[in-house]
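Model the full structure from these sequences, guided by the hints.
Each protein sequence line maps, in turn, to chains A and B. Residue 110 is where the first sequence ends in the working numbering, and the numbering goes up by one at each step. Residue 1141 is where the second sequence ends in the working numbering, and the numbering goes up by one at each step.
Rather than coming from a laboratory, the hints here were simulated on the basis of the structure. A hint or two may mislead.
[Claimed, not checked] One-sided and incomplete, this derived list gives chain A residues near chain B with beta-carbon spacing under 8 Å:
(1) V32
(2) P36
(3) E77
Values in this document were obtained by computation on a predicted structure and should not be read as measured data. Glycine residues also receive a C-beta, built at the ideal position from the N, C-alpha and C atoms.
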Amino acid sequence: MNFFGVLVGLATLLMIGLGFFWVIRGERYFGVLWWPYVLGLGLLLVAGSFFVVADWASALLGALGASVIWGSTELKEQAVRTELGWYPFYGQKIHPPLADLIRRWPAPHL
Amino acid sequence: MVTFTGFFAAMATFLGVWLGHVLVRKVEARAVDLRFPVAVCVAAGFGLEFGALLAAWRPLSAALGILGMTVLWDAVEFYRQEKRVRLGRAPARLDNPRHARILATCPAATHISWLDQDPRGHQLTPDELQVFAARFSGMEG
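In structure tokens form, the structure reads like this:
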């Protein structure tokens, strides 16, 4: 019996659950315009997982990267949820560098 | 030396989350009885976890373990999605008898898909909500 996959699966479920928390908080204070940076961070984490020798660390880093990539696609819907009043709306968001350029790009969502 | 375990884990995570997000919404909207898709998810989830236990190659074990856990969570997510429909946070389908019952009994339930819009950068006013609802109903009709 190899418990590696089951334990990695449980850890990933926890990371996805935490993803809901940081997407809600992150969107509230930073806003949807950070999505390219979040996407880039997720891709970097996945790329970094190639260079980690330990299977455990590589698997957890890859899963974390994928959950961060998913978070970048969730920011748009979360922004709409706050504007609809389903979650608290914070008007004084910290905008990212190149915000005006990012505004012209369609934010990804699943 | 390159390790592929992380890449397999990443692919399984993203696929699992995508399945959870997109397929659960679509199946919940069309299923008249949620017990069948829930049973499929539970069976598939445990099957994938069993596969993860048997797989000796760690990248495959990780992918199966992650997919299994996300599919098991999807079984729960069907009921969470139905709750969103009751609260009006996900659209009810008029041609689904289960949703028709929800529409008849839950005052907040609606056929409007409120999330099918781009963020505007401010809280929506009652007028803007009304315009969106009218436009959405018009597009549907």
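**Request:** Would you list, in rising numerical order, the hints stated earlier that this structure does not obey?
**Result:** 2
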